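A.B. asks: Based on the hints, put chain B in the right spot on chain A.
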Amino acid sequence: MSAVIDHGHTDHHHGPAKGLMRWVLTTNHKDIGTMYLWFSFCMFLLGGSMAMVIRAELFQPGLQIVQPEFFNQMTTMHGLIMVFGAVMPAFVGLANWMIPLMIGAPDMALPRMNNFSFWLLPAAFGLLVSTLFMEGGGPNFGWTFYAPLSTTYGPESTTFFIFAVHLMGISSIMGAINVVATILNLRAPGMTLMKMPLFVWTWLITAFLLIAVMPVLAGCVTMMLMDIHFGTSFFNAAGGGDPVLFQHVFWFFGHPEVYIMILPAFGAVSSIIPAFARKPLFGYTSMVYATASIAFLSFIVWAHHMFTVGIPLTGELFFMYATMLIAVPTGVKVFNWASTMWQGSMTFEAPMLFSVAFVILFTIGGFSGLMLAIAPADFQYHDTYFVVAHFHYVLVPGAIFGIFASAYYWLPKWTGHMYDETLGKLHFWMSFIGMNLAFFPMHFVGLAGMPRRIPDYNMMFANFNMVSSIGAFMFGATQLLFLFIVIKCIRGGKPAPAKPWDGAEGLEWTVPSPAPYHTFSTPPEVK
Amino acid sequence: MSSHESHENYYVPAQSKWPIVATIGLLVSFYGVGTWFNDLSAGREGSNGPLIFFAGGLILAWMLFGWFGNVIKESRSGLYSAQMDRSFRWGMSWFIFSEVMFFAAFFGALFYVRTWAGPWLGGEGDKGVANMLWEGFEYSWPLLQNPDSKLFPPPSAVIDPWHLPLVNTILLVSSSVTITFAHHALKKNHRGPLKAWLAATILLALAFLFFQVEEYIEAYTELGLTLGSGIYGATFFMLTGFHGAHVTLGTIILIVMLVRITRGHFSADQHFGFEAAAWYWHFVDVVWLGLFVFVYVL
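Protein chains in written order, with the numbering used here: chain A, 162 to 688; chain B, 46 to 343.
Isolated chain A, as found in the complex (with noise of 0.2 Å):
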């Protein structure tokens, strides 16, 4: 028996509705998957294209494109984006379609509840991106927007900034309580936890850090929207307040924030090597125990974002050490990646090149990391380009290469297509080459102490910066290639097995490709 009953719609119980309405009203985790998805591209395109603009604009020394003002809102906007916008959609569209498939259920444990969260977000983010329009012109306080920048200092949209803020802290709370429900409660029969493929493990954690953390950064906003309309003094230390305080409520979540956007990159990669390295993957219990240390500790570092802001030197070594810990369960998730890949029979399609490429450069931005936790060597760092280098290579060849890889492994299951190899590896190689070009250099400049934030820099800095801004518009017209294949392959392409990979593992290859419209009305038994 079909778990879907009918309202008088008696087609939907073979497939979709037609038209605008299947998206506007839809409550099938596939679709509201597929939204998602395509969201996120769309803002990883708007927020690229503002990262165009932050290099067209350090091409050279001097200001030649933009006004600083403007440069100001580009950077805010494009932290923003990208983080709200762009990673965090994404793996919430991969989890709302690969997590019913995983454990074998019907479809996510709140259906209309998910399609709230989804809608949510080009509400929240057409309020933001509306603020540029805006008298005074949007947030141009960094995406950290500490206080008193975006209190006192701020331009009036803040205002709108803080809603919109708000918008997406419900958007991320409901869908991470659907993603803890369904993973608790609609696993098919035999699917315990300990058997829970990676990628589903990853984001049971990941959602708990959402809802334990959006709620702070509600709090925080909240607080920011009281001290600009209501007078009140949290981060205003004439009234008795401390603008530091914003930075350690804001670092509570944004510190947790980070290991959202590059748990469930963990787990999809952790489903990916092994397949193209045909052999199980090392580990598995450990991964998720080091999954769930990396989940505690993210709680107990935040302040390494705020070792220069004056803390007392027992805050600074504490830290610094909890900081230094972390490195060792993303140690064991290296290691087991490596020790996958050992003595495999590797293939390197798509999804594997983007993931080996994750295991190496995720790990130098990790080291980088490692580098920027030492308290005394940050205050040489803290501001500069080098941060910028480390959390672009935990970001872009971590979260970013982690959903390309997701997006190549799975869409022959999405589309019931092959995409096209050649052009996905090129895709792959223009990338890496171009984020190397865009990024590395920026270890160099910052060490020698080139700002982070401003318009303009010393003559000095020059050459490596025209790398950067060659290499950034390398990666982002590499982009558009990627739309390319991906419309290629939903509107043709090689017809896709149920299991296009050899090595795959999991249930979601036991269905047919494209998947069903429903699938797992009835559970499957898992042995």
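A couple of the hints might just be wrong.
Unchecked claim - Derived lysine to any residue pairs resembling SDA-like cross-links, with alpha carbons at most 25 Å apart:
hint	chain 1	residue 1	chain 2	residue 2
1	B	Lys195	A	Phe391
2	B	Lys195	A	Gln541
3	A	Lys660	A	Leu442
4	B	Lys118	A	Val185
5	B	Lys62	A	Arg183
6	A	Lys179	B	Pro58
7	B	Lys172	A	Gln541
8	B	Lys62	A	Gly287
9	B	Lys62	A	Met274
10	B	Lys172	A	Pro537
11	B	Lys62	A	Thr195
12	B	Lys195	A	Leu310
13	A	Lys356	B	Asn54
14	A	Lys440	A	Thr195
15	A	Lys440	A	Val520
16	B	Lys172	A	Pro677
17	B	Lys62	A	Pro677
18	B	Lys172	A	Val672
19	B	Lys195	A	His543
20	B	Lys172	A	Val185
21	B	Lys172	A	Asp544
22	B	Lys62	B	Gly88
23	B	Lys172	A	Ile461
24	B	Lys172	A	Ala399
25	B	Lys62	A	Phe391
26	A	Lys179	B	Lys62
27	B	Lys62	A	Gly176
28	B	Lys172	A	Val470
FYI, nobody ran anything at the bench for these hints, they're computed from the structure.
Being a predicted model, the structure only gives us computed values, none of them experimental.
C.D. replies: Here is chain B on its own, set in the frame of chain A:
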């Protein structure tokens, strides 16, 4: 998992207009309230913010009636399996956890100010150099003298915990007890006592809200304790204000429950809507206990 049976009956609802209506309602009301606040702060007259906000509120109210109406109808027609019930339970539990973390942000701010920022401003310890900004500022809690008392006029006194707040504590703790009695009555299907205990809970809640308003009036008119009276007023009103808003919401939820019960909803073994309301009520009660100790007494 517990049973094969429950999986087969997991209810996946058909298309619904409520999520998009809710999105539009939230966007309109947020845009309205933002416009309103901006106009207020800039001193512009004739703001259309309140009107837009009100329109958004109407859309949201329509959505709440419609969406919850849908859920109630589905629940009463027996579409929800035991497994669905567990989804709701997980959903509500994690929602309450998110609320706890929301309050944690403000409690954290309070602890941070009292433990570190305040004493540093007063010249204490390693970071006491902050004192050079406002020389002679002495830190105390409650803060009856602000670093810049012109910009942030301090309160002359703060609310005495052993009057209204103590009464409110008694009211709220009692209401947690009465709602538990109501729940026990429901489980034994004693509809009369159920209604009586639930009505008593609502009365206690309304009394709490009444005294909370009284307290705010006293703070503003007699003590000079306002949002603008420095960090004491800021944390005081933020914590008690958001708590009050949650009590208001909880009271509305309880009233809805009472209406549903008088219409014969809920059975002795199927009443998660009621339980969720009770969970929420216990949550606001626990937050209050935290407030009473850390905001009023200590």
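A.B. asks: Please go over all the hints and tell whether each is borne out by the structure.
C.D. replies: Hints and how they fare:
At roughly 16 Å between alpha-carbon atoms, Lys195 (chain B) and Phe391 (chain A) fall within 25 Å of each other, so this suggested pair holds. With a C-alpha separation of about 39 Å, the suggested pairing of Lys195 (chain B) with Gln541 (chain A) is violated against the 25 Å cut-off. Pair hint Lys660 (chain A) plus Leu442 (chain A) holds up; C-alpha atoms about 18 Å apart against a cutoff of 25 Å. Between Lys118 (chain B) and Val185 (chain A) the alpha-carbon distance is near 23 Å, which keeps this suggested pair within the 25 Å criterion.
Pair hint Lys62 (chain B) plus Arg183 (chain A) holds up; C-alpha atoms about 11 Å apart against a cutoff of 25 Å. Between the alpha carbons of Lys179 (chain A) and Pro58 (chain B) the distance comes to roughly 17 Å, so the proposed pair stays at or under 25 Å and holds. Under the criterion of a C-alpha separation no larger than 25 Å, the hint pairing Lys172 (chain B) with Gln541 (chain A) is consistent with the structure, at around 21 Å. For a cut-off of 25 Å, the pair hint linking Lys62 (chain B) to Gly287 (chain A) stands: about 20 Å separates their Cα positions.
Under the criterion of a C-alpha separation no larger than 25 Å, the hint pairing Lys62 (chain B) with Met274 (chain A) is consistent with the structure, at around 11 Å. Straight-line distance between C-alpha atoms of Lys172 (chain B) and Pro537 (chain A) comes to about 18 Å, which keeps the hinted pair within the 25 Å bound. Between the alpha carbons of Lys62 (chain B) and Thr195 (chain A) the distance comes to roughly 19 Å, so the proposed pair stays at or under 25 Å and holds. Of the supplied pair hints, the one linking Lys195 (chain B) and Leu310 (chain A) holds, its CA atoms being roughly 22 Å apart against a limit of 25 Å.
At roughly 24 Å between alpha-carbon atoms, Lys356 (chain A) and Asn54 (chain B) fall within 25 Å of each other, so this suggested pair holds. The suggested pairing of Lys440 (chain A) with Thr195 (chain A) is violated, with an alpha-carbon distance near 30 Å, which exceeds 25 Å. For the given pair, Lys440 (chain A) sits about 17 Å from Val520 (chain A) by alpha-carbon distance, which is consistent with the 25 Å threshold. With a C-alpha separation of about 63 Å, the suggested pair Lys172 (chain B) and Pro677 (chain A) falls outside the 25 Å cut-off, and the hint is violated.
Distance restraint check for Lys62 (chain B) and Pro677 (chain A): the Cα-Cα separation of roughly 24 Å lies within the 25 Å cut-off, and the hinted pair is therefore satisfied. Taking the CA atoms of Lys172 (chain B) and Val672 (chain A), the gap is near 62 Å; set against the 25 Å cutoff, the hint is violated. For the given pair, Lys195 (chain B) sits about 36 Å from His543 (chain A) by alpha-carbon distance, which is inconsistent with the 25 Å threshold. A distance of roughly 55 Å separates the Cα atoms of Lys172 (chain B) and Val185 (chain A); the hinted pair therefore is violated under the 25 Å criterion.
Of the pairs offered as hints, the one joining Lys172 (chain B) and Asp544 (chain A) holds, with about 22 Å between alpha carbons and a cut-off of 25 Å not exceeded. A threshold of 25 Å between alpha carbons decides the hint, and for Lys62 (chain B) with Gly88 (chain B) the separation of about 39 Å lies outside it, so the pair is violated. At most 25 Å may separate the alpha-carbon atoms for a hinted pair to count; Lys172 (chain B) and Ile461 (chain A) meet this at roughly 22 Å. Simply put, Lys172 (chain B) and Ala399 (chain A) have alpha-carbon atoms about 16 Å apart, close enough for the 25 Å limit, and the pair holds.
For the proposed pair Lys62 (chain B) and Phe391 (chain A), the alpha carbon gap of about 36 Å is over 25 Å, so the pair is violated. For the hint linking Lys179 (chain A) to Lys62 (chain B), the alpha-carbon distance of about 15 Å falls within 25 Å, and the restraint holds. In summary, the hint linking Lys62 (chain B) to Gly176 (chain A) is supported, as the alpha carbons are separated by about 18 Å, within the 25 Å threshold. Our distance criterion of 25 Å between C-alpha atoms is met by Lys172 (chain B) and Val470 (chain A), whose separation comes to about 11 Å.
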